[in-house]
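Chains A and B, in that order, are what the protein sequence lines are.
Using my numbering, the first residue of the first sequence is number 10, and each one after it goes up by one.
Using my numbering, the first residue of the second sequence is number 583, and each one after it goes up by one.
I should point out that these hints are in silico values taken from the structure, not numbers from a laboratory.
One thing to keep in mind: the hints can contain errors.
[Unchecked claim] Here are the simulated DSSO-like cross-link-like pairs (lysine-lysine), alpha carbons at most 30 Å apart as the crow flies: (1) B:587 x A:112; (2) B:641 x B:587; (3) A:54 x B:686; (4) B:627 x A:116; (5) A:48 x B:686; (6) A:54 x B:627.
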Amino acid sequence: DIQMTQSPSSMSASLGDTVTINCLASQDIGNYLSWYQQKPGKSPKLMIYGATNLEDGVPSRFSGSRSGSDYSLTINSLGYDDEGIYHCHQYYEYPFTFGSGTKLEIK
Amino acid sequence: QVTLKESGPGILQPSQTLSLTCTFSGFSLSTYGMGVGWIRQPSGKGLEWLANIWWDDDKYYNPSLKNRLTISKDTSNNQAFLKITNVDTADTATYYCARIAMVKGVMDAWGQGASVTVSS
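Looking at chain B on its own, in the form it has when it is part of the complex (with noise of 0.2 Å):
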C-alpha cells in the first residue's frame, strides 16, 4: 500500500523560507520509474503543478515560480523535500506529494496534505 505525509511548518513570515518534506512508503525513490511530484491548491482555487523529482535525481519545475523553487530527496529515509524561497501571501494554500510511477506517468498516489499560511 501507497501512502505519502506532509510536513511543514504550518505559519510562516513573508520572505522567508519554506520547507516541506514527504514521507511515503510502499515504493522507493531509488527503483527505476519512480518520482515523487510536488502540487498545491490555495483554498478555494485549483491545482498547481510545482516539482517532480524521479529516481534517477532527474528534477522538473515549474518556471512561474522562476527560481525559488528546490526538490530533492533522501532515498534511504523515503522522503522528498521542497523548498520555496522569499515566500509571500500568495503561497499560502495547501501543499501536496504525490507520487508519479512512470509507467502510467500519472500521480496515482498523494498525501492528505498540509496547510502552509504566509503572513506577518
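Just chain A, with the same shape it has in the complex (with noise of 0.2 Å):
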C-alpha cells in the first residue's frame, strides 16, 4: 500500500498568517493528490484534487503544490472559517489512502 506521511499532525497560526501543510507519498503517484478540510462534525470537503487544481467555490487562498514525492497544501490569509482537520489522499492506486490528518487550530 502506499503510505501518505502527512505533517505537522497539529499546528496553531494567527489570523492572516500563512500556513503549509505537508504529504509525503512513499511512492509515485504522480499528481494523484487531493486535499479535503474537514471540521468538527462534519463529513470532509474536497479543496485540491490532481495535487493543484482548486475544486469549484474554494476560495483562492487555498492552494497546492508537488514537487517529486512531496505535496503541499498552502492556506493565505488564515481566517477563521479555515480551522479544522485537513487530510491528504492518494488515488493513484488501490488501496486508495490518506494521510493522518494535520488539525489547524486559529489563535
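Got two chains here, separate frames each, mind docking them using the hints?
Structure (C-alpha cells):
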C-alpha cells in the first residue's frame, strides 16, 4: 500500500498568516493527490484535486503544489473559517490511502 | 446539485453483518465514468477507504478488510450498498459514501455520514 506521511499533525496560526501542510508519498503517485478539509462533526470537503487544481467554490487563498513525491497545501490570509482537520489522499492506486491528518487551529 | 445520504443500523453486535445504504441524487451510477466510494472514520481518528463501485459494475476493495466487504448498487433507485461481515468493536466508526467522477478521479461529494457502533 502507498503510505502518505502527513506533517505536521497539528499547528496553530494567527489570523492573516500563511500556513503550509505537507504530505510525502511512499512511492510515485503522479498528480493523483487531493486535499480535504474537515470540520468537527462534518464530512470531508474537497479543496484541491490533481495536486494543484482548486475545487469549484474553494477560495483562491488555498493552493496545492508538488515537488517530486512531496505535496503541499498552502493557505494564505488565514481566517477563522479555515480551522479544521486537513487530510491528504492518494487515488493513484488501490487501495486508496489517506494521510493521518493535520489539525489547524486559528489563534 | 449532488447529494448523498448514508443509512445504517446504528448499533449492532459483534459477529453480525453490517449493512449500509447510500441514497444519492444529482448523478446516476448508470452514467459513464461515475462511481461511489465508501470510507470510514473511527471517532478522533483518520480516514480509511473501504471500497469503490463504478458505473460498469467494476468493484475495488481494501484488502486490509480481507474478504469481509461487499459493495453493490441499484441504479434504478440511485442507491449503493456496503456490507461488512463478522463485525467487531474495531468496526465502530462513522461511515461515509462519496461520489467519484472519473473526469476528476476523486471523491468530490460526500454524505453526512452514518454512525455505527459495534457493542455486545
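Hint check results:
no.	hint	in the structure
1	B:587 x A:112	26 Å, holds
2	B:641 x B:587	20 Å, holds
3	A:54 x B:686	15 Å, holds
4	B:627 x A:116	23 Å, holds
5	A:48 x B:686	23 Å, holds
6	A:54 x B:627	17 Å, holds
In terms of the numbered hints stated before, the structure departs from none.
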